[in-house]
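All chains should be built: construct the whole structure from the sequences, respecting the hints.
Protein chains: 2
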Amino acid sequence: MTETLGFIGLGKLGMPVAEKLMEGGYALRVYNRTAEKAAGLVAKGAVAVQTPVDAVVHGGTVVTVLADDRALLEVANEEFCEALGTGLHVSMSTVSPVTSRTLSERHAQFGGRFVAAPVFGRPEAAAAKKLWICASGAAASKEAAKPLFDAMGQGVFDFGEDVGAANVVKLAGNFLLTAAIEAMAEASAMAEKNGVPRADLLNMFTSTIFNCPIYVNYGKAIVNARVEPAGFPIPLILKDMHLVQKTASDARVPMPMLNLLIDRYLTMLAKGLDRYDAVGLALGVAEDAGLHW
Amino acid sequence: MTETLGFIGLGKLGMPVAEKLMEGGYALRVYNRTAEKAAGLVAKGAVAVQTPVDAVVHGGTVVTVLADDRALLEVANEEFCEALGTGLHVSMSTVSPVTSRTLSERHAQFGGRFVAAPVFGRPEAAAAKKLWICASGAAASKEAAKPLFDAMGQGVFDFGEDVGAANVVKLAGNFLLTAAIEAMAEASAMAEKNGVPRADLLNMFTSTIFNCPIYVNYGKAIVNARVEPAGFPIPLILKDMHLVQKTASDARVPMPMLNLLIDRYLTMLAKGLDRYDAVGLALGVAEDAGLHW
Numbered sequence: 001m002t003e004t005l006g007f008i009g010l011g012k013l014g015m016p017v018a019e020k021l022m023e024g025g026y027a028l029r030v031y032n033r034t035a036e037k038a039a040g041l042v043a044k045g046a047v048a049v050q051t052p053v054d055a056v057v058h059g060g061t062v063v064t065v066l067a068d069d070r071a072l073l074e075v076a077n078e079e080f081c082e083a084l085g086t087g088l089h090v091s092m093s094t095v096s097p098v099t100s101r102t103l104s105e106r107h108a109q110f111g112g113r114f115v116a117a118p119v120f121g122r123p124e125a126a127a128a129k130k131l132w133i134c135a136s137g138a139a140a141s142k143e144a145a146k147p148l149f150d151a152m153g154q155g156v157f158d159f160g161e162d163v164g165a166a167n168v169v170k171l172a173g174n175f176l177l178t179a180a181i182e183a184m185a186e187a188s189a190m191a192e193k194n195g196v197p198r199a200d201l202l203n204m205f206t207s208t209i210f211n212c213p214i215y216v217n218y219g220k221a222i223v224n225a226r227v228e229p230a231g232f233p234i235p236l237i238l239k240d241m242h243l244v245q246k247t248a249s250d251a252r253v254p255m256p257m258l259n260l261l262i263d264r265y266l267t268m269l270a271k272g273l274d275r276y277d278a279v280g281l282a283l284g285v286a287e288d289a290g291l292h293w
Numbered sequence: 001m002t003e004t005l006g007f008i009g010l011g012k013l014g015m016p017v018a019e020k021l022m023e024g025g026y027a028l029r030v031y032n033r034t035a036e037k038a039a040g041l042v043a044k045g046a047v048a049v050q051t052p053v054d055a056v057v058h059g060g061t062v063v064t065v066l067a068d069d070r071a072l073l074e075v076a077n078e079e080f081c082e083a084l085g086t087g088l089h090v091s092m093s094t095v096s097p098v099t100s101r102t103l104s105e106r107h108a109q110f111g112g113r114f115v116a117a118p119v120f121g122r123p124e125a126a127a128a129k130k131l132w133i134c135a136s137g138a139a140a141s142k143e144a145a146k147p148l149f150d151a152m153g154q155g156v157f158d159f160g161e162d163v164g165a166a167n168v169v170k171l172a173g174n175f176l177l178t179a180a181i182e183a184m185a186e187a188s189a190m191a192e193k194n195g196v197p198r199a200d201l202l203n204m205f206t207s208t209i210f211n212c213p214i215y216v217n218y219g220k221a222i223v224n225a226r227v228e229p230a231g232f233p234i235p236l237i238l239k240d241m242h243l244v245q246k247t248a249s250d251a252r253v254p255m256p257m258l259n260l261l262i263d264r265y266l267t268m269l270a271k272g273l274d275r276y277d278a279v280g281l282a283l284g285v286a287e288d289a290g291l292h293w
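Quick mapping for you: the protein sequence lines, in order, are chains B and E.
Using our numbering, you'd call the opening residue of the first sequence number 1 and step up by one each time.
Using our numbering, you'd call the opening residue of the second sequence number 1 and step up by one each time.
Don't take each hint at face value.
Identical chains share a label here; the pair holds if one copy fits it or two copies do between them.
Stated by the list, open to error - Taking lysine to aspartate or glutamate and the EDC-like style, the derived pairs with C-alpha atoms no more than 16 Å apart in a straight line are:
| # | residue 1 | residue 2 |
| --- | --- | --- |
| 1 | K193 | D162 |
| 2 | K130 | E19 |
| 3 | K130 | E23 |
| 4 | K193 | D250 |
| 5 | K44 | E23 |
| 6 | K193 | D288 |
| 7 | K193 | E74 |
| 8 | K37 | E23 |
| 9 | K146 | E3 |
| 10 | K129 | E19 |
| 11 | K220 | E23 |
| 12 | K130 | D150 |
| 13 | K12 | E124 |
| 14 | K220 | D200 |
| 15 | K44 | E82 |
Hints were generated in silico from the structure; no laboratory data involved.
The structure presented is a predicted model; accordingly, all values stated were derived computationally and were not measured.
If you want it as structure tokens, here you go:
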């Protein structure tokens, strides 16, 4: 029997995830704020609905992939939680751990279950079923979500029963990738102004001691000064960095490197570069050194 | 016919490199400031000499692996360059590009050749013949050094004819690895104070999007709070960071992330932690967050 899932949020990440779920044999009831985006999925058999609540199957499973905490909290309101009832909400958005804990309690009022399942991987990785999934929540809920995870990613890491834990990990990862971009950018600017092309520098490192996806992919983007089209637009990465800052600050953790990155992105926005990809901060580093990539 | 090489500097890196060269069939004339360190090599057939100049074979090849610019400039003085004559000096120390250019000119006065060949790899990597070598200098000189490189490492990257170029790359790499330590440490402190053990966090990242030697090895050291014995003691990494700073500053390149790392290491030294490994800065990050690893 084909299981029907609710699916909410067809952004850069949501769209390929929805496609993988359909390829995995699930029927989808999809909602997206901009309704036209659902057309491609509808052509493949998905049902488009008019409100988030309409996407929910009572006692079933709903997946949300939304832009930020506010959007997620608005979508998963009391009415939504009541409509889902004893079902399962798999939340893939990058949000604060506090938001996951709040939603978990909201669902619990109606006997519902909540799993935080943020992922790592650019949209291309999602399309290739190469996402890495971080999951947290009650063991039985994660077990129930496992077939979905298998349909959309290459592996799941379990961070325990606190639903906020996977969000903490996701935030940490986005901070790490941003720090890697700044580090490569500073090293590249230093090298280029000393006669070593950044391509030579980064090609060496990303084929030896830094031969991992983050350095390889963002290193290539820095070498090619490829800041558009944005797979990860600056307003989104800055939103994440502010979540890291709040999460760290609430727990009394100074993160000087993070603060530097936030200032860098604020400068990009101050210059009207909202459309740039996260890797765009490398251009800021270069510009500060008098270079024009 | 067995070729005899001069070899100067039996520190943490120099010792395993000298051993690889002997295993590769070279006869060595070794000099080390602390003479006793040569005993093991002498037992295997090396000849220990009393001064750097005594290690040099006129018209032959000499390898230097010294702690800093001053030591290298003192060893390779005019008398040394004259003794080497038209021979080849392979310099593996982490020094500034300016020092390499100075020495290249000093050798040229006597018809001698100079190749900068700093390497990446901890002492264990050197012992396993897993070093990555960055080479710069005249093409013919690098060609002459190639058999030595083959005997000590797993690969050579050629950074062109400017002898300083390989030093720029080495400095950039040491900055990148230090930045990676700080980033992992800040992420770990944030995660731990939010209930996620740093082992869970770092094990996930170093087996997925950061699965490269620098993150894997230093990540493991952070998880285990393993700051001794120091493969890369703080005074040495701080020396390197100051070289990066000078090289960047001379070329007018602001590196805010670098400045933060320098302050972090200065604090470690201010607290008398000279004996700690470079990864020790992670303890400083944790301590600032009220954690005790």
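Outcome of the hint check:
| no. | hint | result |
| --- | --- | --- |
| 1 | K193 with D162 | between (48 Å within a copy, 13 Å between copies) |
| 2 | K130 with E19 | within (13 Å within a copy, 43 Å between copies) |
| 3 | K130 with E23 | within (14 Å within a copy, 44 Å between copies) |
| 4 | K193 with D250 | between (40 Å within a copy, 9 Å between copies) |
| 5 | K44 with E23 | within (10 Å within a copy, 65 Å between copies) |
| 6 | K193 with D288 | within (12 Å within a copy, 35 Å between copies) |
| 7 | K193 with E74 | neither (49 Å within a copy, 28 Å between copies) |
| 8 | K37 with E23 | neither (18 Å within a copy, 65 Å between copies) |
| 9 | K146 with E3 | within (14 Å within a copy, 63 Å between copies) |
| 10 | K129 with E19 | within (10 Å within a copy, 47 Å between copies) |
| 11 | K220 with E23 | neither (31 Å within a copy, 38 Å between copies) |
| 12 | K130 with D150 | within (10 Å within a copy, 37 Å between copies) |
| 13 | K12 with E124 | within (9 Å within a copy, 44 Å between copies) |
| 14 | K220 with D200 | within (11 Å within a copy, 29 Å between copies) |
| 15 | K44 with E82 | neither (29 Å within a copy, 79 Å between copies) |
Going through the hint list in order, the structure does not satisfy hints 7, 8, 11, 15.
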